[in-house]
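Enquirer: Now for the letters of each chain:
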Amino acid sequence: MFDPVIDAIPAVLTWKSLLCMLIGMIAGLVIGALPGLTVVTGTALLIPLTFGMEPLAAMGLLAGMYNGGSYGGAITAILLRIPGTPASVATVFDGWPMTQRGEAAYALQVAVVSGTIGSVVSAISLIVLSPPLTLITLAFGPAEYFWVAMFGMATVSMLLGGDPLKGVIAALIGLLLGVVGQDPVTGTERFVFNDLELLDGFSIVTLLTGLYAIPPVLLMCEEAAKKGMSGELLRLKRVKSVFSEWTRYVRVWVRSSVIGIIIGILPGAGGAMTSIIAWNDARSTSKDPDSYGKGNPEGVAASECGNGADNASSMIPALTLGIPGSGVAAVILGGLLVHGLRPGPQLFRDHPDVAYGFMLQMLITAFMLIVLGGLLATRIFGQVLRLPPILLAPLIVLTSVVGVYGIHASAFDVWIMLAIGVVGYAMDKLEFPTAPAVLGLLLGPMAEGELRLALTISMGDASILFASLASWVTITCTLLVFLSPWLRSAWQRRKAAAG
Amino acid sequence: MTRRAAERGFLLLLIVSAAGLMPEALSYRGGSQYFPVILLAALLACCLAALFRPRAATPEDSEPFFLNAPRAALALLLMAAYTLALPAVGYFTTSALLMFVMAWVFGYRDLKVIAATIVGYLLFTWLVFTVIFERDMAREFFMPWIVGY
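These protein sequence lines are chains A and B, in that order.
Following this note's numbering, the numbering of the first sequence begins with 1 at its first residue and continues without gaps.
Following this note's numbering, the numbering of the second sequence begins with 500 at its first residue and continues without gaps.
So that you can see chain A by itself, here it is in the shape it has in the complex (with noise of 0.2 angstroms):
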């Protein structure tokens, strides 16, 4: 069952890999340390970059943002009270009041050590769980996948936020986004308005780049803050090492690990859910519950070990089924289909290097945290946190065009992408979820192409979509998630009416 990934070690090794990885990460540290800017923008911000590159260094850098991203968050939570990306809004905390006792060195190791625990462990899941369920999904023709893509619909209603027609909006904008372009079945050019640069549809790429990378942009330039982090919150000075107390930490590094594995597996569930429920759960489960918000370094540890522990799990279903688990993980697809990669079992089948290669990025970045993550690499990275967001937002928009233009070297693209930007920034302001236009987006095209391709085989016979046990299977969690919401509802209803 190793073998692959074995096999793929020299390939993940290479000093072109490792470089794009450690580029990633720093870049992820800086990133996610930057309040306004989260992983999904430095994602969708490096996806066009890797344009040209081999895919699997294309993924190193990849890897690298998520699992740098998702801790940088911790930086300025802890130091400034501002947490750098929602999922670390429970590290603020106990990290805060920590800084305000002196021990910002402190909770930021704890904040570095438990991340890494966390990412670890997730890799690890990522390597073992993945490969099976690729073996699952062997037996899944047009009509099963037709299925798997309506399933991937479904989990929109859990990605939906606090009003379900705004994500079903979303979603519908995402689909017709992807419906642009030539049919891929009969050819006839769709909403392409005889412009020859549509006609191959929008690119992926700059779809994601102007939803994520502009309403930031925007936002700064609307604030138009001209003062940084000052230097003093960066000279740090280690006081104790949480090695020494490692006994301390274990069981809520446990707890937090598995907590984030299973949400970061669950489509739509993970980022900020992740480490509010660890945290909590550290808290109930404590001996001295009432430290934690207080100061307490095991809050610290929770948030990020949970945080890290979603990253590569919410992976698992974007790999092997093409449903990614979080927002960042639907933009890595999103960075995989750019590269001419499927997922699903002939990723691993036609490109193991790119499958099992992008598992083992995943663990080498995780444990990479640990060096770039420390408090050495934190003042040095964390210069940039003093440049005043008003120069930065010029510098997000010169690497959205570095990208966007370099796909058909044509400003048609830098227009494309502005357009998204301001109905990104319009759907930001007016709360309707991003998350579910880029699912929309993603498994529209699969959508009608498996179900096109299911009913051209049967001879415009329906029933083949309900032929399988596989189908069957696939309907009844696809109802089941589409449900859930209002299921879960009921069930909370019924629990204070009886209580």
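Note that these hints are calculated values from the structure, not bench results.
Among these hints, one or two may not hold up.
Said to hold, decoys possible - Residues from chain A that face chain B, not an exhaustive set, calculated with beta carbons under 10 angstroms: (1) LEU49; (2) MET53; (3) ASP163; (4) GLU222; (5) LEU375; (6) ALA393; (7) LEU395; (8) ALA409; (9) MET417.
As the list claims (entries may be wrong) - With beta-carbon atoms standing in for the labels, derived distance ranges: (10) B/SER516 / A/LEU479: 28 to 38 angstroms; (11) A/VAL371 / B/ALA504: 45 to 55 angstroms; (12) B/PHE641 / A/GLY187: 38 to 48 angstroms.
Glycine included, every Cβ here is placed at the ideal spot set by N, Cα and C.
Once you have looked at the hints, place chain B on chain A.
Expert: Quick look at chain B alone, frame taken from chain A:
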């Protein structure tokens, strides 16, 4: 503009777009029309439902949509001007200009920091994308005078 008004405007825009695209989608043949027609119909239905659904007003509804509308418009205008100039003027020249102008018009006046950021970023971009990855960037307008073609 309040957030509620902006939300209504956004939904109206989606409704008009979906209704406007429907005849085009209906004109497709050979099965190509089903998926876009279903999606447009669903979008229309959902947007109408969101627009006319009864719901109690929340405090957020009356909050302003923009933190600072002139600044948001100015940022968009600068990005649009940058995109227009990019193919004709070249990536590095327009990028240096955008960094300087954006920082300056939004009130940042430390020229040393601006200059250092411009030089550092462009050097990094040139080294990574032009030298290492040989990425096709928009050619600088002055290059023909230097290299002669």
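Enquirer: Give a verdict on every hint.
Expert: Structure-based check of all given hints:
1. LEU49: 8 angstroms, holds
2. MET53: Since chain B brings a Cβ to about 7 angstroms from A/MET53, closer than 10 angstroms, the hint holds.
3. ASP163: 8 angstroms, holds
4. GLU222: 4 angstroms, holds
5. LEU375: 24 angstroms, violated
6. ALA393: 6 angstroms, holds
7. LEU395: 6 angstroms, holds
8. ALA409: For A/ALA409, the interface hint holds, since the closest Cβ of chain B sits about 5 angstroms away, which is under 10 angstroms.
9. MET417: At about 9 angstroms, which falls below the 10 angstroms cut-off, the nearest Cβ of chain B leaves the hint on A/MET417 intact, so it holds.
10. B/SER516 / A/LEU479: 28 to 38 angstroms: With Cβ atoms ~31 angstroms apart, the hint holds.
11. A/VAL371 / B/ALA504: 45 to 55 angstroms: 51 angstroms, holds
12. B/PHE641 / A/GLY187: 38 to 48 angstroms: Taking Cβ atoms as reference, B/PHE641 and A/GLY187 lie about 44 angstroms apart, which means the hint holds.
Checked against the numbered hints given earlier, the structure breaks only hint 5 and satisfies all the rest.
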